[in-house]
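Those protein sequence lines, which keep their order, are chains A and B. First residue of the first sequence: 1, per my numbering; consecutive thereafter. First residue of the second sequence: 1, per my numbering; consecutive thereafter.
Treat the hints with caution; some may be incorrect.
What the hints assert, rightly or not - No more than 20 Å apart at the CA atoms, straight line, and that leaves these computed lysine-lysine pairs for PhoX-like:
no.	chain 1	residue 1	chain 2	residue 2
1	B	K71	A	K103
2	A	K69	A	K58
3	A	K58	A	K77
4	A	K77	A	K103
5	A	K103	B	K57
6	A	K77	A	K49
To be clear, the hints were calculated from the coordinates, so they are not data collected in a lab. Predicted model only: the values in this text are computed from it and were never measured.
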Amino acid sequence: AQSVAQPEDQVNVAEGNPLTVKCTYSVSGNPYLFWYVQYPNRGLQFLLKYITGDNLVKGSYGFEAEFNKSQTSFHLKKPSALVSDSALYFCAVRDRGSGNTGKLIFGQGTTLQVKP
Amino acid sequence: DGGITQSPKYLFRKEGQNVTLSCEQNLNHDAMYWYRQDPGQGLRLIYYSQIVNDFQKGDIAEGYSVSREKKESFPLTVTSAQKNPTAFYLCASSIEGGRRETQYFGPGTRLLVL
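Next comes chain B alone, as it looks inside the complex:
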């Protein structure tokens, strides 16, 4: 988990509310990723960014948005359009977005719906 921080550890969302999950890395990595983890389903890619001011949708981007204004930060917003947001959210980073690069993960944020 070293070098990648996620906050908060737990987050509660009310109906119709947008919430933002923070991800910061001090590894000087170019590429950053957001995954969603549900029990028994492994991890699924939400968004990824290979460079500042650029990002691409993953497999389950609907109801989520991101920004990449700084190299070290890649916040994820869970919008009210995401009807089933309860999950464990994991941020990752790699030196670059190339295929051989190892992704390193943060400690995660658990999002719960009130």
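Just chain A, same shape as in the assembly:
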């Protein structure tokens, strides 16, 4: 079965330090991978996606993610965290082999807390 796992419910980091939010996936074929961010009582905002090509993907607000096929991971990273980065982060995957469907499978989310 296809699935996405975000192993940490919460990540705490000090402002200015690097941050990593982890994501691993399990799909039957090669995946399309996405990261979204959600602020309280708001919709999801798209950060970045991996489709093909370079394993390091750069996205919005200084975020980047590294696709690692051997470890089936797609961790979200930022070199220097800001207090305003504090939010709920979702990893999602779409299986290339599942037909032409737009269905996304989401992880359960990771709360990022950046302290001043």
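Given chain A, work out where chain B should sit, using these hints.
Okay, now just chain B, sitting in the frame of chain A:
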């Protein structure tokens, strides 16, 4: 959130009542989706539509219904058959329903049961 609107922001449902959540997009996107968000469970797909007058059930369609009569609109009805409707409902759209397309989300509707 730009380009996709959802209304109302908060909705209260009485026992046995059907309620309809609105989703409108002005992005000229073909595909639209409805997700349900519960704390600690991520998002789960309720219904999706890749083209006008066509839609498919997602993972948790029971107790919900949709229509897609216009490209820009994809309303979701929460029927009385949905026994646990309290959740945050998110509508999304993408240029087309293809696998590589990014889905963009609306601001959400929070449904509460009286």
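- Query: Honestly, which of those hints from before does the structure not fit?
  - Reply: 4
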